[in-house]
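Order-wise, the sequence lines are chains A and B. When you number the first sequence by this note's numbering, it's gap-free, plus one each residue, and the end is 1053. When you number the second sequence by this note's numbering, it's gap-free, plus one each residue, and the end is 146.
Just to be clear, a hint being listed does not mean it is correct.
To be verified - Here are some chain A residues the structure puts well away from chain B; computed CB gaps all over 12 Å:
#, residue
1, 917
2, 920
3, 923
4, 938
5, 956
6, 984
7, 986
8, 989
9, 1008
10, 1022
11, 1023
12, 1036
13, 1038
Unchecked claim - Chain A regions said to be covered by chain B (calculated; three or more residues, Cβ under 8 Å):
#, region
14, 910 to 916
15, 924 to 937
16, 969 to 980
17, 1009 to 1017
Hints are computed from structural coordinates only; laboratory data are not their basis. C-beta: ideal position from N, C-alpha, C; glycine also.
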Amino acid sequence: MTGAWAVLGAVVVTVATGLLLRSREGRISTRRAGPPAVPDLPEPVRTLLAPGAAVTLVQISTTFCAPCRHTRVLLSDLAGRTEGLRHAELDVTRTPEVAARLGVLRTPTTLALDPAGRELLRVSGVPERSALLDALRPHLISPIG
Amino acid sequence: MLKDVPVDPRGPRFSAWMTTLILVVVLLTGWWRLLAAQTVLFAMCAFISLKLNPWGHVYRAVLQPRLAPVSEREEAAPLRFAQGVGFVFALVGTIGYAAGLPAVGVAATSFALVAALLNAAFGLCLGCEAYLLIRRAAPAASR
Chain A
909 MTGAWAVLGA
919 VVVTVATGLL
929 LRSREGRIST
939 RRAGPPAVPD
949 LPEPVRTLLA
959 PGAAVTLVQI
969 STTFCAPCRH
979 TRVLLSDLAG
989 RTEGLRHAEL
999 DVTRTPEVAA
1009 RLGVLRTPTT
1019 LALDPAGREL
1029 LRVSGVPERS
1039 ALLDALRPHL
1049 ISPIG
Chain B
4 MLKDVPVDPR
14 GPRFSAWMTT
24 LILVVVLLTG
34 WWRLLAAQTV
44 LFAMCAFISL
54 KLNPWGHVYR
64 AVLQPRLAPV
74 SEREEAAPLR
84 FAQGVGFVFA
94 LVGTIGYAAG
104 LPAVGVAATS
114 FALVAALLNA
124 AFGLCLGCEA
134 YLLIRRAAPA
144 ASR
């Protein structure tokens, strides 16, 4: 009898978790958008900043992340077609402290950084192409690059 | 440890449904020997090769020929990591049931069921999503 309740409980938890994670997939957050001061960016991220690009998308990945591959395909294609946008991937499998310093808890998480390394926004999970492009547009047409 | 080639993503989904079914039977019957067998299966897939997964063979022999081919492929490393997470829960569950601690058996098996069903029904790999959380919680074990 306990077993039947456990099955029921597990199904309820699964559906709730699945729907929650699905609703957060591709969510764009500007919560951590940096102050005007020069940000304290971890070195492995700073070296990825593309010179001359208005926005660099830094995708935080791990080896054990299946949707990271889909995200890589989507973002590199988007960067290839968009003026001033670059894409770089950082694998933090062996350097989880970098993810911790960035406040990244799940992969893929994509940070959009300006040339000074300030965070413009971040995307949790596989991004939604048109929503991301809409959110980036104001930063891309600024007279930087 | 063998290196696995990328696989048709529908194979692991089918496999996750089979794992879900087995774990439901374990919870309903308390049959710990079945959970022990599932634990061994998790271990073989995680630590040796995904090719040892019998559900993968069933998928390729019976289901794949009837489905339209897809070009999409999934990397093996996340799948094996997920099997390793399943192994830990199933091992704790087996020990719980076998040692006369059914509460431990039920709790651990329920966690494994949530992970398997999330994968089967939503295509989500909980262990992979939570990899960074696991590393943060247990940094000492990984260094």
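Evaluation of the provided hints:
At the 12 Å boundary, the C-beta of residue 917 (chain A) falls inside the reach of chain B, the nearest C-beta of that chain being 7 Å off. Once the 12 Å rule is applied to beta carbons, residue 920 (chain A) is inconsistent with being away from chain B; the minimum gap is 10 Å. Chain B draws residue 923 (chain A) into its interface by the beta-carbon criterion, the shortest separation being 8 Å against a cut-off of 12 Å. At the 12 Å boundary, the C-beta of residue 938 (chain A) stays outside the reach of chain B, the nearest C-beta of that chain being 22 Å off.
For residue 956 (chain A), the shortest C-beta to C-beta distance to chain B comes to about 18 Å, beyond the 12 Å cut-off, and the non-interface label holds. Annotated as non-interface, residue 984 (chain A) keeps its C-beta farther than 12 Å from every C-beta of chain B; the closest such distance is 16 Å. With 12 Å as the threshold on Cβ separation, the claim that residue 986 (chain A) sits away from chain B holds: the shortest Cβ distance comes to roughly 19 Å. Every beta carbon of chain B lies more than 12 Å from that of residue 989 (chain A), the smallest distance being close to 21 Å; the non-interface claim holds.
The beta carbon of residue 1008 (chain A) is not kept farther than 12 Å from every beta carbon of chain B, the shortest such distance being approximately 6 Å. Against chain B, the non-interface label of residue 1022 (chain A) holds: every CB pair exceeds 12 Å, the least being about 25 Å. The Cβ of residue 1023 (chain A) lies farther than 12 Å from every Cβ of chain B, with a closest approach of about 27 Å, so its non-interface assignment holds. Non-interface call for residue 1036 (chain A) relative to chain B: holds, since the shortest CB-CB distance, roughly 17 Å, exceeds 12 Å.
Look at residue 1038 (chain A): its CB is around 21 Å from the nearest CB on chain B, clear of 12 Å, so calling it non-interface holds up. Evaluation of the coverage hint for the region 910 to 916 of chain A: fulfilled, as 5 residues show C-beta separations to chain B shorter than 8 Å, against a requirement of three. Against chain B, the region 924 to 937 of chain A contributes 4 residues with a C-beta closer than 8 Å to a partner C-beta. That satisfies the three-residue criterion, and the hint holds. For a cut-off of 8 Å, the count of residues in the region 969 to 980 of chain A with a CB near a CB of chain B stands at 6, and the three-residue condition holds.
Residue count for the region 1009 to 1017 of chain A with a Cβ under 8 Å from a Cβ of chain B: 4. That meets the three needed, and the coverage hint holds.
Going down the numbered hints, you'll see the structure goes against 1, 2, 3 and 9, while the others check out.
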